[in-house]
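Based on these hints, arrange chain R on the given structure of chain Z.
First to last, the sequence lines map onto chains Z and R. Quick note, the first sequence lines up with residues 1 to 229 if you use this note's numbering. Quick note, the second sequence lines up with residues 1 to 849 if you use this note's numbering.
In short, the hints are calculated from the structure, not lab data. On a predicted model such as this, the values are computed, not experimentally measured, just so you know. Glycine included, C-beta positions come from ideal geometry on N, C-alpha and C. Hints are not guaranteed to be accurate.
[Said to hold, decoys possible] Estimated spans, in silico, between C-beta atoms of each pair:
hint	chain 1	residue 1	chain 2	residue 2	range
1	Z	G193	R	F412	55 to 61 Å
2	R	S360	Z	K117	54 to 60 Å
3	R	G761	Z	G44	25 to 31 Å
4	Z	T160	R	L822	44 to 50 Å
5	R	F430	Z	T160	44 to 50 Å
6	Z	G44	R	V416	30 to 36 Å
7	R	F430	Z	E66	54 to 60 Å
[Claimed, not checked] Only part of the chain R face toward chain Z is listed, based on derived beta-carbon distances under 10 Å:
hint	residue
8	L22
9	S108
10	L112
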Amino acid sequence: MSKILNVSKLRKTYQSGSGTLTVLDDITFSLESGETFAIVGPSGSGKTTLLGLCAGLDRPDSGTIELCGVEIDTLDEDKRALLRNRKVGFIFQDFQLLPTLTAMENVAVPLELQGVKNAQSRAVTLLEKVGLGARVHHYPSQLSGGEQQRVALARAFSNTPEILFADEPTGELDEETGQKIIELLFDLNKEAGTTLVIITHDMDLARKTQRILRLKGGKIHREEKVEVQ
Amino acid sequence: MKDLKSSGTGISWLILMAWRDLRSNAGKLFLFMSSIIIGIAALVAIQSFGNNLTASIDLQSRALMGADYVIDSNHPANEEVVRIMDSLGGPDSREINFASMVVFPKRSSSKLVQVVGTEQGFPFYGELETDPPAAARDYLVNSSALVDATVMLQQNLRPGDSIKVGNISLPIEGALKAVPGRSALSSSVAPAVFIPYDKITQTGLLQRGSRLEYKYYFVAKAGQDLEVLYEAIDHRLDAEGADLDTHLDESRRLGRRYNNFGKFLNIVAFIALLLGCVGIASAVHVYIQGKLKSIAVLKCLGASRRQTFKIFLIQVAGLGAVGGFLGTLLGVGLQIAAPVLLEEYLPVEVDVSLSFPAISLGLILGVLMSIAFALIPLMRTWYVSPLSVLRVQAENESRTGKAQLAVLGLIFLFLVLLARQILGSWEYAFFFILSLVVSFSLLYWVARILMWTVRRYFPEQLGFAIRQSLLNLFRPQNQTSVLLLSVGVGAFLISTLFFSRDILLSKVALGNDENSPNIILLDVQTDQVNAVENTINENKVPVLSNVPIVTMRVDEINGRSVNEIRNDTTSNIGRWVLNHEFRVTYRDSLIPSETIISGEWIGNSEKREVIPISVAENFASDARVEVGDRVTFNVQGVRIPTEIASIREVDWGRIQLNFSVLFPKGVLEDAPKFHVVSTRTGGDESSAILQRELVSKYPNVSIIDLRQILSLLEGILEKIGLVIRFMALLSILTGIIVLIGAVRTSKYQRIRESVLLRTLGAKNSQLLRISFYEYAFLGVLGSLTGILLSLVGSFLLARFVFEEPFVPSAEPFLILLPLLTLLVIAIGMLNSRSVLNSPPLQILRSENR
Chain Z
1 MSKILNVSKL RKTYQSGSGT LTVLDDITFS LESGETFAIV GPSGSGKTTL LGLCAGLDRP
61 DSGTIELCGV EIDTLDEDKR ALLRNRKVGF IFQDFQLLPT LTAMENVAVP LELQGVKNAQ
121 SRAVTLLEKV GLGARVHHYP SQLSGGEQQR VALARAFSNT PEILFADEPT GELDEETGQK
181 IIELLFDLNK EAGTTLVIIT HDMDLARKTQ RILRLKGGKI HREEKVEVQ
Chain R
1 MKDLKSSGTG ISWLILMAWR DLRSNAGKLF LFMSSIIIGI AALVAIQSFG NNLTASIDLQ
61 SRALMGADYV IDSNHPANEE VVRIMDSLGG PDSREINFAS MVVFPKRSSS KLVQVVGTEQ
121 GFPFYGELET DPPAAARDYL VNSSALVDAT VMLQQNLRPG DSIKVGNISL PIEGALKAVP
181 GRSALSSSVA PAVFIPYDKI TQTGLLQRGS RLEYKYYFVA KAGQDLEVLY EAIDHRLDAE
241 GADLDTHLDE SRRLGRRYNN FGKFLNIVAF IALLLGCVGI ASAVHVYIQG KLKSIAVLKC
301 LGASRRQTFK IFLIQVAGLG AVGGFLGTLL GVGLQIAAPV LLEEYLPVEV DVSLSFPAIS
361 LGLILGVLMS IAFALIPLMR TWYVSPLSVL RVQAENESRT GKAQLAVLGL IFLFLVLLAR
421 QILGSWEYAF FFILSLVVSF SLLYWVARIL MWTVRRYFPE QLGFAIRQSL LNLFRPQNQT
481 SVLLLSVGVG AFLISTLFFS RDILLSKVAL GNDENSPNII LLDVQTDQVN AVENTINENK
541 VPVLSNVPIV TMRVDEINGR SVNEIRNDTT SNIGRWVLNH EFRVTYRDSL IPSETIISGE
601 WIGNSEKREV IPISVAENFA SDARVEVGDR VTFNVQGVRI PTEIASIREV DWGRIQLNFS
661 VLFPKGVLED APKFHVVSTR TGGDESSAIL QRELVSKYPN VSIIDLRQIL SLLEGILEKI
721 GLVIRFMALL SILTGIIVLI GAVRTSKYQR IRESVLLRTL GAKNSQLLRI SFYEYAFLGV
781 LGSLTGILLS LVGSFLLARF VFEEPFVPSA EPFLILLPLL TLLVIAIGML NSRSVLNSPP
841 LQILRSENR
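So that you can see chain Z by itself, here it is in the shape it has in the complex (with noise of 0.2 Å):
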């Protein structure tokens, strides 16, 4: 299996009053392609803050991170966005589904972005997939917490991405819609054999993965492997 992350020497920096607040020193770690990997550890820790930066949302003050092969901190911004359209997806906590537009055209954007012809067509089944096929022409303020997320998880998988990020993806919801969502979560990367990256600090959640990292104060505090139940 090749590396599909590789993190080295991260060191994130942020300005704080008078004062300079570290959030993130020496992390190095790297991820297997198909590996699915969780990040966790209590508020504060750094863990959104490292997620940002892997996806390429962030630069690091130093330190590397290749991402599919590609060293992202020399790329400028567009370049960035471009190698997220083709190797990354997200889920978001909020979901953050684009409010103007309907559940089948935000699951298509990712992949009208890459100019695929019959992205909406794509989208329809994609959204059917997760039990989203009478909804597709809902925008999301008429959609349910849940529902919502499925479309994020549609949209995700939309660009058939070669790893994905997934921060807090049950955070919002309550218990019963936030383990189908996992479920479904689990189920479609397994299909499609992406590396997957979940940011929690749910420990059940981070135990389904294959490898669990833990931060405490901005440092790598343990990295374990999770026994196969």
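Just chain R now, kept in the frame of chain Z:
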């Protein structure tokens, strides 16, 4: 990255995305659209209506002349003049006039009148007003005469009585009440008697030595540029002792009112557009603010900065085009409606048609102004970090600095070009835009200082509502700068309209007040002055002026005699200066219609050898003299050497006696002279009684009744005043609607907080009070700053553009300030209405769309 090619999206996807985003935001963008529509509509309506009115005023000036242009001369046209006239297609009508005594056999009395021989056709514009009306047409057919109405009254004449002009006797067809071309007030006017042109020779009065004037009236060909015509032939005519007058001179003679009127209309149009621009900027600012999250999501999904920028740019441009088109249609509609509404005030029928160049201009301008004023808010899309979709606070972008400066430069350039196009002068354009830039900067700093002051001296002891409203002024996502800028600039522009309207209306009103004469008595001899004044006073009307007049001719200019200059074919001194019998007065001060433009006014000669005189601008330019040049005048055989001490600009449009040549006191007191006495009478009857009494007591005195001319001028000025008010009102309405838009857009800023406060248990009354205080602070401060700025701006406008004294009215402070503040408060509180009436969750959901 080798296997990654740039995105496969084309313009069609960008348009599709722009449309998708737009369709569910129609409500939010309604204000953006209305800003463009109203701005463009006002521009199109004002410009088109303005053009129509200029045309109608143009026609009025033609009516004052009776033709488009006139060639006149003191002798019959020579070969060269005939050749010139032939090249113009020949005169459309001819006239000969001269002063002569006429006899009224019925009263066995005689009177000095201006005998005018006219041909069929004249007047081509305006009309001869006669009593009975048919007389204006019949006198040419019946070979009869029209006699000045005042003379008819003085001599107690009736139609059918006869008049003897030289060798012939003619029946009187009717009384002449008003004549185009004879409305200009001058001290040399004598009452007119019109007779047919072909009867002139039979009078036997055309012998040598008579002071004759030959006039040739022309109607211009369609599209003929009279300025060009003047440039081409006036000097040729001048060389032959003839002169060309166009109706343009006539409107110029009416003063600068027309010029200022045009300037005002252009300023109104420009302000309307600017208000539209302010509306666009504030609407797009708030719109994009609400889109930042979506933009971050799009970037997360792989859209480039250029793609996201273009999606919103396309949206704005598309809306601009549609808004421009609708605005143009509305403008044309207003243009059609305006003449209907103002029909009774408009002297001409206005042709209205859909003009495709106007519509395309509306489209182009709609797109251009939308893009220009949306650019700064749109630039924010470029720098939105995709990271902000996560819960991480993205770093502040400081990179916008340079780009923002470049965009501001671009906007400045756009505005200057637009201003140049509309205002017609680079100078005004820079002046206007600069004052706007200064206003914007000052307002911005007022906002900053307000925020700093409130934060620094925060009154902790105050109640919850007022503390919340004060907090709203400076906390993150505050609307202080945006609202102060839009309210302030709105107030600035609206109040500038108020002030400049007042400048123009005061000018219009100046022409006719209690002190303006409407009866002029000519040829009052020095020994008659006291008795005439007594008669006037006995009739309980005031003597407004008593002006001594001395007649004189030019003898020498800078040491060269008049004959020498006449024989010098290379001399370009106007022939009229050499031939004219000047009617000159003397006094020690200037009158309101006079302004010294060079040299120094000297009111007393103090026994100098060379008399310091003042000449009007037209005399100086035609006699080719400047301050310091010498002119010798001949006063009934006595040569008086003078030096030009000053040159005056004379507003010939003022209803008062104006003079080309003005002497100081202490020189002409003993010269043979007569007086011109003026008074102002009430109605027709009292005027007739006074005139009859004066004529019977002092038969040598000529009376000019100015009431006809005054009513014509009053009519024009009234129309101008009405149009000024209408246009200002239209633009002020535009401003108020845009202001409503600007404040309304702030709704989306506050709604989330209001919902949260409501969820936490805030009562409706508390939410309303918070809104009230916040909008009251912003309303008062924004309007007051705007009005104070416009006070300075209007002063500069009055001084440099209208060239009129500036007397600020209290209206903007007393009416505009409370009105705008109340408006801001009312809209602000209306914004909270939806929060008060619906459950919090429902509001948040609907706002998310």
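Against the structure, the hints:
1. Under the hint 55 to 61 Å, the C-beta atoms of G193 (chain Z) and F412 (chain R), about 56 Å apart, fit the expected range.
2. S360 (chain R) and K117 (chain Z) have their C-beta atoms about 36 Å apart, which leaves the hinted 54 to 60 Å range violated.
3. Checked against the hint of 25 to 31 Å, the C-beta distance between G761 (chain R) and G44 (chain Z) comes to roughly 30 Å, which is consistent with it.
4. In this structure, T160 (chain Z) and L822 (chain R) break the distance hint of 44 to 50 Å, their C-beta atoms being roughly 60 Å apart.
5. For the pair F430 (chain R) and T160 (chain Z), the beta carbons lie near 59 Å from each other, so the given range of 44 to 50 Å is not met.
6. Between G44 (chain Z) and V416 (chain R) the beta carbons are some 52 Å apart, a value that contradicts the proposed interval 30 to 36 Å.
7. The supplied range of 54 to 60 Å is met by F430 (chain R) and E66 (chain Z), whose beta-carbon atoms lie about 56 Å from each other.
8. Hint on L22 (chain R) holds. Least Cβ distance to chain Z is approximately 8 Å, under the 10 Å limit.
9. About 97 Å separates the beta-carbon of S108 (chain R) from the nearest beta-carbon of chain Z, more than 10 Å, and the hint is not met.
10. Annotation: interface hint on L112 (chain R) violated; nearest CB of chain Z at approximately 87 Å, more than 10 Å.
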